[in-house]
Amino acid sequence: MSIEIVNVGKRFGDFVALDDVSVSIPSGRLTALLGPSGGGKSTLLRIIAGLERADTGKVEIEGVDATGLPPQKRNVGFVFQHYAAFKHLTVRRNVAFGLEIRKRPKDEIRRRVDELLALVHLEQFAERLPAQLSGGQRQRMALARALAVEPTVLLLDEPFGALDAKVRKELRDWLRRLHDEVHVTTVFVTHDQEEALEVADEIVVINEGRVEQIGSPDDLYDRPANEFVMRFLGPVTQLGDQLVRPHDLQLSTAGTLGLAARVTRVTRIGFEIRVDVTTTGGQPVTATLTRNEFLALGVAVDSEVRVQLAPGSPSTTVSTPATRSVPPTLAVTG
Amino acid sequence: MAEHSITTRNQVGRRPGRYVLRTVVAAYLFFLVAWPLYLVGRNAFADGFTSLNDILTDPDVTHALRLTVVIAVTAVVINTVFGVGISILLVRYDFPGKRLLNAMLDMPLSVSPIVVGLALVLVYGGREGWFGPTLEAAGLQIIFATPGMVLATVFVALPLVIREVVPVLQEIGDEQEQAARSLGANAVQTFRRITLPAIKWGVIYGVVLSLARSLGEFGAVKVVSGNVLGETRTATLVVEEKYLNFDKGGSYATAFLLALVAVACIIVVSVLRPKEDR
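Protein sequences appear in the order of chains A and B. Under this note's numbering, think of the first position of the first sequence as 1, with each following residue one higher. Under this note's numbering, think of the first position of the second sequence as 335, with each following residue one higher.
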C-alpha cells in the first residue's frame, strides 16, 4: 500500500471536515476521491500533501510516517485546480523549478525538462509565460512541473474543474493515457462522478467527512454500499421502497410482471427517451429507454404499462421515507 | 492601477459628460498640485541659477541635504524589510489581535507628525523619557540626534509599504507558494523565488512612496531633531529656516530640490512599471 491514512480527523472551527477517516491507497494506481463539494475530499488530499495538518490520526507515504513532515520533505507532486503557475517564470523555468531547488546539474535539468515538455506536448511553448497559454496548456505545464521531481505520489485537486467541458474531456483521456505510461501512484479529487468512473482504477467516495465506500468503478456502480453512493454515482428513481437506476427499468404492455402504471409524460433527450409513469399506488417513477426500445414498445401518454426492474440490476433500500422519487437530474448533481 | 483604466475604458459614458468630468478633474489637479509646484520652481529660478548655486555651496545646506538623504534611505530600508514582513504576517497568517494590529498600522497616517515627535521625546528623551536615560547612559543618544530622526521618519512612513504590498499579496493568493513548497522549496527559497518576484511592483511602489514621504518629513523630525545648524538640521528644516529669515530664494531653491527628487521618483516608477502588470 502506497498511502496509508489512519483515523485522520480535521476540524475547521466547528465544521468537521474529516471524521476519523481511514483509507489505503494502492501503489501505482489511479485513485479518485469522489464526493460532493464541502465533503472533505480536498482536505484529505491536502493533508496527504502536507499543505494542511490533520488534528488526529496518521499519514504514511510508502512506509514513511509523514504525519509531521512539512510539504517540501514529502516528495509529492501537487496539481491545483487553478494551476498555481509561477507567473513570472517561463514554462521551462516553471517545470525546472523543483529540479533547480534540488540543485541538479544544469544539463540534466535541461534534458529532463525537455523530456517532460514533450510528454505534455508543450515543447514549442517552452519560452512562453503562463499568461500566454490556454487553461488546458497551463494545467499540462503544472502536471509536468509536478512530475519533474519524480514524486512518490502525484496529487491532483480538481485538476480539470476550471476548464471548459471539451478540454476537460480531452485532458481526462490524456491523464489516463499518461498514467498508463508513467505509473506513478496518483490520487485525484473530483466531484464529477462521470470523470471518476471513466478515469480511475479505484474510487473512494467521501461525504460529510466520512468514507462512504471504496472500490473499483464497477463495484461502486453495480454494488453501491448505501443510498448515498447510489444517488451520487448516477441518476436514480424510486420504485416501491427501492432506489433504482431509470435505465434498469423495463416497461411492458403485456404480462403480469412488475407493477401496473400509467404513462404521464414522454420526453425525448437525444438518443434516449424518458418515460414518466405513475403506478396504481400513486408513485411517480421515471424510466429511460433507448429510442429503439421506445419505438418497439409503442406507448404514448395515458398508455397502461407494467414496470419492473431488470434482473440483476443494482438497487438500494431507501432509508429515509421519501414520498417522491428524485428527478434524475437532481440526483446527478447530488 | 491598470484595473482602473480598464474599468473607465469599459464605462463608455455619453460624450459631453465625459469631457466635463475630464475638465473638472484636470482643473482641480492643475490649481491644487501642478500650478503651485510650478510656482515653487519658478521662484527657485527667479534669479537664474544663483539661488541654487548659493545653497549648493553653503556647507550647512549641503550637510542638511546629505543628512536628509541618509535619514530617508535608512528609514526606507527599515520600513521595507519590516513592511514586507508585516504584510506577509497580515495576509498569510491568522492570529489573535490581527485586527488590532491592522488598526495600529494606520495610526501613523492619522496621527499628526508633530504628535509623533512629542510622543517619541516622551519615550526616548535623554532626561525624562522612559528608555532615554538608560540608553543615554549606555552611550546612545536618540533624541536630538540622527537615531531619533530616523525613528520619527520610520514612524510617519510606516504604513506606506504595507498598504501597497498587502493587496498584491491578497490578489496573488497562496497557491503559488504552496506549489513551491510541494516542489521542495523551503520558506526562504519560496519567499525569494516566488513571493518576492510576484509582489515586486508593490514593494517598489511602496519604497518610492516611502522615500518621497521620508524626504519631505517635517513636523516629527523638527521636534526630535533639536534643529541644530550643521548637525541635526534636515532639508525641510532648512526650507523653513530660510523662509522665516526672508531668504526666499534659498528656501524656494531647497524646496525645489526636495520636490524634484520626489516627483522624479514617482515618474521613474510609472514609466518603468510594466503596462500589463496588474
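I should point out that these hints are in silico values taken from the structure, not numbers from a laboratory. Take the hints with a grain of salt, since some may be wrong.
[Unchecked claim] Straight-line alpha carbon distances no greater than 27 Å define the calculated DSSO-like cross-link-like pairs of lysine-lysine that follow:
#, chain 1, residue 1, chain 2, residue 2
1, A, LYS58, A, LYS166
2, A, LYS73, A, LYS106
3, A, LYS103, B, LYS534
4, A, LYS87, B, LYS534
5, A, LYS87, A, LYS103
6, A, LYS73, A, LYS103
Determine which of the earlier numbered hints do not hold for this structure and return their numbers in increasing order.
-> 1
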